[in-house]
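Visitor: Single-letter residue listing:
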Amino acid sequence: MENDFLYEHYQRQLPLKNFGLEAQVKLQHANVLVIGLGGLGCPAIQYLSAIGIGHIGIMDGDTVSLSNLHRQILYTYQDIGQLKTSVVEKKILGLNPSTKITLYNDYITQQNAFDIISNYDIILDCTDNFKARYIINDVCYLLNKPLVFGAVFQYEGQVSIFNHGKDAVNYRDLFPYSPKENESPNCMQTGVYNIATGVIGTLQASEAIKLITGIGETLTNKLLTFHSLNISFYAIDLTKNKLSSKEIPLSRSEFESYHYDQFCGINSSLSDDISAEEFDQLIQSDDVQIIDIRNENELPKINNFQSIQIPLASLHENIHLLDKQKKIILFCHSGIRTQTAIELLHDDYQISNVSHLKGGIIKWLDFKSKKND
Amino acid sequence: MEIKILVFGSLVEIVGNNFIELKELPSQTSIHLKDDIQYDTNSITESLKIKFPELSKMKFVISVDRNIIHENTIIHSSSEIAILPPFSGG
Numbered sequence: 001m002e003n004d005f006l007y008e009h010y011q012r013q014l015p016l017k018n019f020g021l022e023a024q025v026k027l028q029h030a031n032v033l034v035i036g037l038g039g040l041g042c043p044a045i046q047y048l049s050a051i052g053i054g055h056i057g058i059m060d061g062d063t064v065s066l067s068n069l070h071r072q073i074l075y076t077y078q079d080i081g082q083l084k085t086s087v088v089e090k091k092i093l094g095l096n097p098s099t100k101i102t103l104y105n106d107y108i109t110q111q112n113a114f115d116i117i118s119n120y121d122i123i124l125d126c127t128d129n130f131k132a133r134y135i136i137n138d139v140c141y142l143l144n145k146p147l148v149f150g151a152v153f154q155y156e157g158q159v160s161i162f163n164h165g166k167d168a169v170n171y172r173d174l175f176p177y178s179p180k181e182n183e184s185p186n187c188m189q190t191g192v193y194n195i196a197t198g199v200i201g202t203l204q205a206s207e208a209i210k211l212i213t214g215i216g217e218t219l220t221n222k223l224l225t226f227h228s229l230n231i232s233f234y235a236i237d238l239t240k241n242k243l244s245s246k247e248i249p250l251s252r253s254e255f256e257s258y259h260y261d262q263f264c265g266i267n268s269s270l271s272d273d274i275s276a277e278e279f280d281q282l283i284q285s286d287d288v289q290i291i292d293i294r295n296e297n298e299l300p301k302i303n304n305f306q307s308i309q310i311p312l313a314s315l316h317e318n319i320h321l322l323d324k325q326k327k328i329i330l331f332c333h334s335g336i337r338t339q340t341a342i343e344l345l346h347d348d349y350q351i352s353n354v355s356h357l358k359g360g361i362i363k364w365l366d367f368k369s370k371k372n373d
Numbered sequence: 374m375e376i377k378i379l380v381f382g383s384l385v386e387i388v389g390n391n392f393i394e395l396k397e398l399p400s401q402t403s404i405h406l407k408d409d410i411q412y413d414t415n416s417i418t419e420s421l422k423i424k425f426p427e428l429s430k431m432k433f434v435i436s437v438d439r440n441i442i443h444e445n446t447i448i449h450s451s452s453e454i455a456i457l458p459p460f461s462g463g
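Those protein sequences? They're chains A and B, same order as listed.
The first sequence runs 1 to 373 under the numbering used here.
The second sequence runs 374 to 463 under the numbering used here.
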């Protein structure tokens with residue numbers, strides 16, 4: 001009976017050469033974790049579920065925002081503000097009701113990585129920053145989990161499978177040193193081509209499927225690069241690198257105390273939210289650039305400190321005004337628009353050294369008036 | 374001697390093109406090479422960094438004939454070289 005239903009659902013793939021019921025059953029018993037539900041995760045998870053993978057873990061701490069929609073095509077306009085994991089779960093269960101889905105409403109960290117990754121057979125790195133990528137790589141190395149790596153830059157992409165098979169190579173064998181956070185020289189307006197994320201995410205799903213079913217040749221120990229504009233693929237063979245073994249943590253406790261922020265050149269002294277009190281101190285510093293993202297005619301006018309006005313709607317055209325050498329602090333009226341602005345700067349321009357005044361300028365004005373009482 | 378170096382990602386903007394040609398005749402993206410000297414990846418990298426100083430700030434790996442290299446490697450006139458930076462976007 002169950003086989004009849006299986007046949008009906010998957011009848012278009014079962015006849016494929018080397019596929020058949022055998023491959024279908026392997027897929028059904030597989031456990032795949034997709035970390036990152038953005039440009040790469042959206043296409044990947046659709047194909048993984050559609051082909052019949054039995055259990056998929058989905059991990060992301062983010063909510064859907066408008067600037068996601070150009071490439072994160074699982075989401076709709078109505079989903080803006082919703083947790084990505086919830087939206088993905090709903091969509092995927094619609095696509096394939098027999099997929100078991102486990103949600104993780106969180107970003108991958110040193111605290112959660114080990115316990116979560118250990119539950120899965122194959123891990124897909126669909127994240128968007130180096131720190132997450134090195135964390136995922138190191139845990140997969142320690143737990144011996146194959147890692148399907150995918151990443152994009154503008155119109156280009158990279159795909160590989162790490163930590164799999166004989167003489168397995170891991171990400172540190174390829175790139176033993178992480179670029180520091182502000183290293184790229186002309187990176188104010190990088191942008192990303194939605195087709196690139198679509199192709200790379202889909203290729204990641206395909207690599208996972210081939211690992212599970214044993215069909216075809218995988219990108220184990222190979223780095224495949226893809227360029228959307230001239231439709232070129234270029235693959236290089238990877239080998240172990242002595243440098244990687246010097247840095248990689250060799251145990252769970254080493255991993256949990258590893259200095260990822262330092263390794264990736266992240267200045268973690270400033271978090272996203274700044275309180276009115278912190279803001280009051282920072283406005284006197286030379287190392288910060290304060291940006292008012294309200295519209296030009298909005299009141300109250302602020303003259304107590306130096307800031308530049310870039311209304312949110314014109315942020316894209318004025319990205320060049322942001323001083324990446326300084327800590328950038330955004331403010332708006334009540335702290336809502338700045339959340340959108342921070343997401344935009346992070347997602348579209350990979351600018352992460354930016355914080356915002358929690359509660360908006362009215363919070364700071366309130367703080368000041370209480371201070372003067 | 375004539376060698377083509379394929380360029381990827383953020384390195385393209387620094388170098389001005391998605392390939393560099395190393396040959397006898399100087400042009401915008403080419404570097405003069407002598408025929409009687411054997412070249413290796415270290416010297417090629419040094420020449421590239423002199424020609425394109427911004428490259429010194431960047432992290433990238435080098436492949437020769439589609440194999441990643443981890444140490445200085447002799448190259449020949451038919452060698453296919455690529456310089457690849459890491460991508461993080463998603």
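Calculated directly from the structure, the hints in this document are not laboratory data.
The beta-carbon is built from N, C-alpha and C at its ideal position, and this holds for glycine as well.
Any given hint might turn out to be false.
[Unchecked claim] Only pairs whose alpha carbons sit at most 30 Å apart, straight line, appear in this in silico DSSO-like list of lysine-lysine: (1) B/K377 with A/K326; (2) A/K26 with A/K100; (3) A/K166 with B/K430; (4) A/K327 with B/K432; (5) A/K210 with A/K240; (6) A/K242 with B/K430; (7) A/K91 with A/K166.
[Stated by the list, open to error] Some but not every residue of chain A turned toward chain B, in silico, with C-beta under 7 Å: (8) L40; (9) N96; (10) C126; (11) T127; (12) V152; (13) E156; (14) G191; (15) V192; (16) Y193; (17) I215; (18) G216; (19) T225; (20) D237; (21) L238; (22) A341.
[Unchecked claim] Output of the computed footprint for chain B on chain A, the stretches with three or more beta carbons under 8 Å from beta carbons of chain B: (23) 46–57; (24) 128–137; (25) 239–251.
Visitor: Can you list which hints this structure breaks, lowest number first?
Guide: 1, 3, 7, 9, 14, 16, 17, 18, 22 and 23
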